[in-house]
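Asker: Chains as they are written, first to last, in the working numbering: chain A, 1091 to 1632; chain B, 5 to 211.
Keep in mind that a hint or two might mislead.
Claimed, not checked - Only pairs whose alpha carbons sit at most 27 Å apart, straight line, appear in this in silico DSS-like list of lysine-lysine:
(1) A:K1312 <-> A:K1349
(2) B:K78 <-> A:K1515
(3) A:K1628 <-> B:K130
(4) A:K1515 <-> A:K1290
(5) A:K1349 <-> A:K1339
(6) A:K1201 <-> A:K1434
Unchecked claim - Restraint ranges, calculated between C-beta atoms of paired labels, are given here:
(7) A:V1589 <-> B:K78: 17 to 23 Å
(8) B:L115 <-> A:Q1508: 54 to 60 Å
(9) B:N66 <-> A:T1474: 30 to 36 Å
(10) B:N66 <-> A:E1622: 50 to 56 Å
(11) A:K1628 <-> B:K78: 28 to 34 Å
(12) B:R137 <-> A:S1536: 24 to 30 Å
(13) A:E1597 <-> B:S120: 20 to 26 Å
(14) A:R1550 <-> B:L118: 30 to 36 Å
(15) A:E1622 <-> B:G195: 37 to 43 Å
(16) B:S120 <-> A:A1512: 47 to 53 Å
(17) B:Q113 <-> A:V1589: 31 to 37 Å
(18) A:S1338 <-> B:A24: 26 to 32 Å
(19) B:N66 <-> A:E1496: 32 to 38 Å
Derived from the structure by calculation, the hints contain no laboratory data. All C-beta atoms, glycine included, are put in the ideal place defined by N, C-alpha and C.
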Amino acid sequence: MIFNQRNTRHSLLIEVNPYQILAAALDRPDSGPVVIEAAAEFDSHDDAGLRQWLDQNFDKAKSWVPCIGGFAPPEALLRRESIQARRLSEADYLPDLIKEQFKIEQSANWKFAALSPLEGTQVAAEGMARPALLCGVSHSDVHQVQQRLLDHRLLPSRLELSLLPLIGTLADFKARHNDKRATVVVVIEQEHTTAYILGKEGVSTPGPVRHGFASIVQAASKEFELKDAAEVRDRLQHADDELLLRASKFVRAIGRDLKPLVDSYEMTTGQPVGEIYCAYLPPALSWIAEPLAQVVGRAALAFDCAAWMPMVNLQLADGQPALGRHWLSALSLIADLPGAKPAKAPKDTDTYQGPWHLDCRLTGNLPSSDLVRSRFMANAVAGTMAVGALMIVSWQLYIDNSLRTEISYWNQRIKDNQQQAADLKALTRTLEEQTARLDQAYGLVSSPYRLTELLMAYGRTRPERMSIQSINGFAGGVVLRGTLHAPSELATQQLRAYVETLRRDKELGLVFGTVALTSLERTEDDNSLHFEVACKFKEAQP
Amino acid sequence: MNALLHAVLGTCRRYPFVIAASALAILLWVANYFIWRRHQETSAGYQTLQRSGEDMLQSLTNHGRITAELATVKEALAYIDNNLVREGDLPENNGYFYQLETASRIRLQALNQLSSMPPPPEQSYKTVPFTLRTTGSYRQILRFLRELETGPRQFRIQNFALTQAGTANEPAAGPGGQPGGPGAAAAPAPGTSLITLDLTLEMLAHP
């Protein structure tokens, strides 16, 4: 494993171009050149190989590997056009201009920028009409590449159109070598070829050539009499003498259309075109550059990466093989070129990141920049939810088990006492029946008083001069009749007191609810009173 | 569909822990819900079972009390049943009152057994009414009533009437010319106030 030290910043350089995926592991110390620790090349569709290489060279425990990415979508826009610079402040100016000039319908779904064609700096929104290099890429192309990187655990810190840094690098290279001639950068796509001419007035963008790599395949098919496209492509990968001998025929269609564009540039600007550089061509197809340059009547650019890298603050790690010319566009992404730096350091979210560098990322679709915390928080929340749910499940299972134990206990207790309970039930039923009989007997013979006690109570409460003639008892109560031997006035007072005594008597009060004097009759001699006292039971007897 | 599957797989690959933990949490919360539902049902059944078990144990603790109560009730019923009146056995019925007459040393001037009403079908007992009349001193009347109340037969007084009956004139002659002999009504002393008791009562009887 390469990256097992803690005091260096490690990242990945990756370029996805029409032919290959180029990946390099970088060690970026705080000072000194960027060291390329490892490099690998993969077929443009070899995601499995890339994943395996990443797993071997980066710590799997790290969720994300920071990377600087470059890509070359076929529908990208890179055209020189005259613009009204002061109108750049208008949000709709650039999309409307590009929509009108280049027939891009869904311009709202594109990311645009206007750069100086000479220095690659951002065009300020001031001044009158001036030429600008209009750069654009659709969100769908960016999203596709971005998602592909994310699928490989790669988090892009920059994602650039790799052609722009390449142009910047070639312009710097020419300036270093004091080369006054223009240079043509040729990008051979599948169905068309695009040329970018780097001259004294900056980048010129002639129209595309309608022949691409497919025309080379077609020519080779005829020449080698191979009908299967895969066979032809495989044959083109092996640059033997026979292939090199016929190479000019294969690229003739492209060169035939490209040459007028170059000649026209020379005639228009008066600046000679010196060399041609074919971008992105892998080593197996690098033979295309030489015959193409010959057909156009120019020379292929001789570029020594090993000699160039130290000049742009890049260094290969010890033991690493030298990188070929096809790495130029990828290395341009991290090359430290001389020149004016932006006065104000650009933010991570800005599109313009310096001369010839445009960051095309869709930051809204990327994981949060506060990656560690948000991921930790997400992990913590999800983990807490899972642990909480697990604890509650465990608790519920424990409670459920306890409940079932209790149920078993009670079932056993009930079973053990079932016979006793049945016996007790029978006893209770018998008791109820017997008690009912007893209640019947009580209901038939119960009485609110005992006659002897009643008579004793009347005798005890009788005043001294009172004689009782009769006591009659019946269902509703008792009537007491008698005579009080006393003068009328005194007799009435004593009778009133007597009735009150009957009412307040402890024994009689329990039996009778009402005690009233119901009759009073004076005798003829005026020395006695006949009276009648009615005592009603508290509850009427049946 | 493939693109969606690819996106899902990509997300899973990028966030393996979050995806796994979230899936586990969802599964566990769903399981929690079902376990909770089952626990609620089991708990309701357990409450019922526990109540019935506790009721059973509580009732078993009353076994001794119920047995004692039942014995007491049976004893009381046996006492009542042994002393019930048989309506058709007039000599026995009147004989009971004559025993009281002897014990209280008073003479019953009238004693009649009346016809009883037929009891309801579910009734275990019925009552047989009696009327009687006697005259004596206050003490004699009280003694007669006390003997009646403390006797073995169960009864209820329907009506009673106590009225003055003048005063005693001379001692009554007992058998053999001896006043106040055993088994005869004792005559009250001369001048003693006499009381006449008219009593209507119902005695508990066999149905």
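Asker: Please list, smallest to largest, the hint numbers that this structure does not respect.
Answerer: As far as the earlier hints go, 4, 7, 9, 13, 15, 16, 18, 19 are violated by this structure, in ascending order.
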